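Chain A is already provided as a structure; the job is to place chain B on it using the hints.
Residue numbers (our numbering), protein chains in the order written: chain A, 334 to 568; chain B, 4 to 235.
I should point out that these hints are in silico values taken from the structure, not numbers from a laboratory.
As the structure is a computational prediction, the values presented were derived from the model and not from experiment.
Worth double-checking, as some hints may not be accurate.
[As the list claims (entries may be wrong)] Derived PhoX-like pairs: lysine-lysine, alpha-carbon spacing no greater than 25 Å straight-line:
{"#": "1", "chain 1": "B", "residue 1": "Lys65", "chain 2": "B", "residue 2": "Lys142"}
{"#": "2", "chain 1": "B", "residue 1": "Lys227", "chain 2": "A", "residue 2": "Lys387"}
{"#": "3", "chain 1": "A", "residue 1": "Lys348", "chain 2": "A", "residue 2": "Lys358"}
{"#": "4", "chain 1": "A", "residue 1": "Lys563", "chain 2": "A", "residue 2": "Lys463"}
{"#": "5", "chain 1": "B", "residue 1": "Lys142", "chain 2": "A", "residue 2": "Lys559"}
{"#": "6", "chain 1": "A", "residue 1": "Lys463", "chain 2": "B", "residue 2": "Lys227"}
{"#": "7", "chain 1": "A", "residue 1": "Lys387", "chain 2": "A", "residue 2": "Lys463"}
[What the hints assert, rightly or not] The following residues of chain B were derived to be distant from chain A, with all beta-carbon distances above 12 Å:
{"#": "8", "residue": "Gly27"}
{"#": "9", "residue": "Gln126"}
{"#": "10", "residue": "Gly140"}
{"#": "11", "residue": "Leu156"}
{"#": "12", "residue": "Tyr224"}
Using N, Cα and C, we set each Cβ at its ideal position, and we do this for glycine too.
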Amino acid sequence: MLKYQFDWGVITSGKYFEWLVSGVKVTLQLSSISILLSFILGLLIAVMRMSNFKPIRWFAVAYLEFFRNTPLLVQIFFWYFGSYKILPEGINNWLNEHNFEFASAVIALTIYTSAFIAEDIRSGVLSIPKEQMEAARSSGFSYLSSMRYIILPEAIRLTVPPLIGQFLNLAKNSSLAMTIGVAEITYQARQVESYTFKGFEAFTAATLVYLSLSLLITFIVNEYDKRYLKIIKEQ
Amino acid sequence: MAAFDFSVITNNIVYFMIGRYPQGPLGGLGLTIYLAVVSCVLSFFGGLILGLMNVSHRWYLKYPSKIVIHLVRGLPLLMVIFWMYFLLPALLGKTVPETTTVIMALTIFTSAYMSQIVKAGIQGVPRGQMEAALATGLKPWQAMLYIILPQGLRNMIPSFVNQFVSMIKDTSLAFIVGVSELTHVATQINNRTMAYPFEIFTFIAVVYFIICYAFISFSRYLEKRSAWKKSI
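Just chain A, with the same shape it has in the complex (with noise of 0.2 Å):
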């Protein structure tokens, strides 16, 4: 320990310090696709959980179970190994044009975080009293457009707390897509270390960048709760 000697100046200029912001960028990116992906996908698959027809609504049910109860390394390199054998040729070929490392290891952070996202939608719906449902329905709405129109707009605005910090465990989470070469900010960590031998240098960059990522979240949070939250449970 005491032999170690530091030296900041590998990581604060010059190439090594190139690296590492296109990897805090290739993390940024990754994350903001990936949520806004699973925001969709999640809102549709919490949709079909509520549904009152039994075959979408135990679809729903085994996507959310199985989701979530297999590790996402996994995941990740089913979509890039395995992913090939059922997906038809034409998309395999336009993904392996293009960079297919960043769209498997979009496909399988989507997918995944898409089911925590609507269990959070679906607990937000379940605390909305079950009222509006009824008087959407007795003023004519069908189900879907009281959902769309009533329930799904007032449930968002409390799940929007929770969804912002499924971006933090997404942000966190996307430092797997290393494991399949995607040059996020941990996988360039990675880099310099093995390039300079300045693993501490390397590594706190690296945890800087996702602990100014996570304090900004809870920050973002709170200003939230406080500002928006607060006047909804005054009323």
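Relative to the frame of chain A, chain B by itself:
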């Protein structure tokens, strides 16, 4: 679309389950469960200590625990594993086996989450219990140890089981430092056979799912039972 051939699973089933044991070290699913159980027991105590420090009124107990909890919860597990991988040998001045590295990382990571469960469990015990215990002349630590914790821990059991399920899923990250648990064994077989990634990764996903789902169902059953007990 190619046909599926699951003979790669049946041919390697023993290797998937226990690795090279008894001739060599334990691997595969056996090592996954070993890692999860050992880390879970250790992080139960870690979480208990951090959680008790967190609810303490003494600043020198409360703030260090808060810093550790926020620090660890802001990091991905992969990052904690890398830190252990570099820090432990530097601190101890000798090489550390990968399995130990992973157990340490999992323990530290999960302790931070367990501490929140412990905190919620302690705060869930009615205030009157603490006041009554102090009024009968127990010292604060005795009241905590003999009165509050036994009641609180009972309420925490379902959450502990859920945490154990997360732990089983998290052990897959041991792959990154070369510990030959189930996911690592799967990538090994995949590299050797080349042609059956779909079959291999579907199989281990199903294995993880069966174990995790069994424990999740158990924790839901416990939750329902304790809710029913409270209602009467």
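Okay, the hints, checked on the actual structure:
Proposed proximity of Lys65 (chain B) and Lys142 (chain B) is supported: the alpha carbons are some 19 Å apart, at most 25 Å. The straight-line distance between the Cα atoms of Lys227 (chain B) and Lys387 (chain A) is roughly 24 Å, inside the 25 Å bound, and the hint therefore holds. Taking the CA atoms of Lys348 (chain A) and Lys358 (chain A), the gap is about 15 Å. The hint holds against a cut of 25 Å. For the proposed pair Lys563 (chain A) and Lys463 (chain A), the alpha carbon gap of about 22 Å is at most 25 Å, so the pair holds.
Taking the CA atoms of Lys142 (chain B) and Lys559 (chain A), the gap is about 39 Å. The hint is violated against a cut of 25 Å. Restraint check: the Cα-Cα separation between Lys463 (chain A) and Lys227 (chain B) comes to about 23 Å, which is no more than 25 Å; the hinted pair holds. Pair hint Lys387 (chain A) plus Lys463 (chain A) holds up; C-alpha atoms about 20 Å apart against a cutoff of 25 Å. The non-interface label for Gly27 (chain B) is consistent with chain A: the shortest C-beta to C-beta separation is roughly 24 Å, beyond 12 Å.
Every beta carbon of chain A lies more than 12 Å from that of Gln126 (chain B), the smallest distance being close to 19 Å; the non-interface claim holds. Every Cβ of chain A is farther than 12 Å from the Cβ of Gly140 (chain B); the closest lies at roughly 41 Å, confirming the non-interface assignment. Remark: the non-interface label on Leu156 (chain B) is consistent with the geometry, its nearest Cβ contact in chain A lying 25 Å away (cut-off 12 Å). Every C-beta of chain A lies more than 12 Å from that of Tyr224 (chain B), the closest at about 15 Å, which supports listing it as non-interface.
Checked against the numbered hints above, the structure breaks only hint 5 and satisfies the rest.
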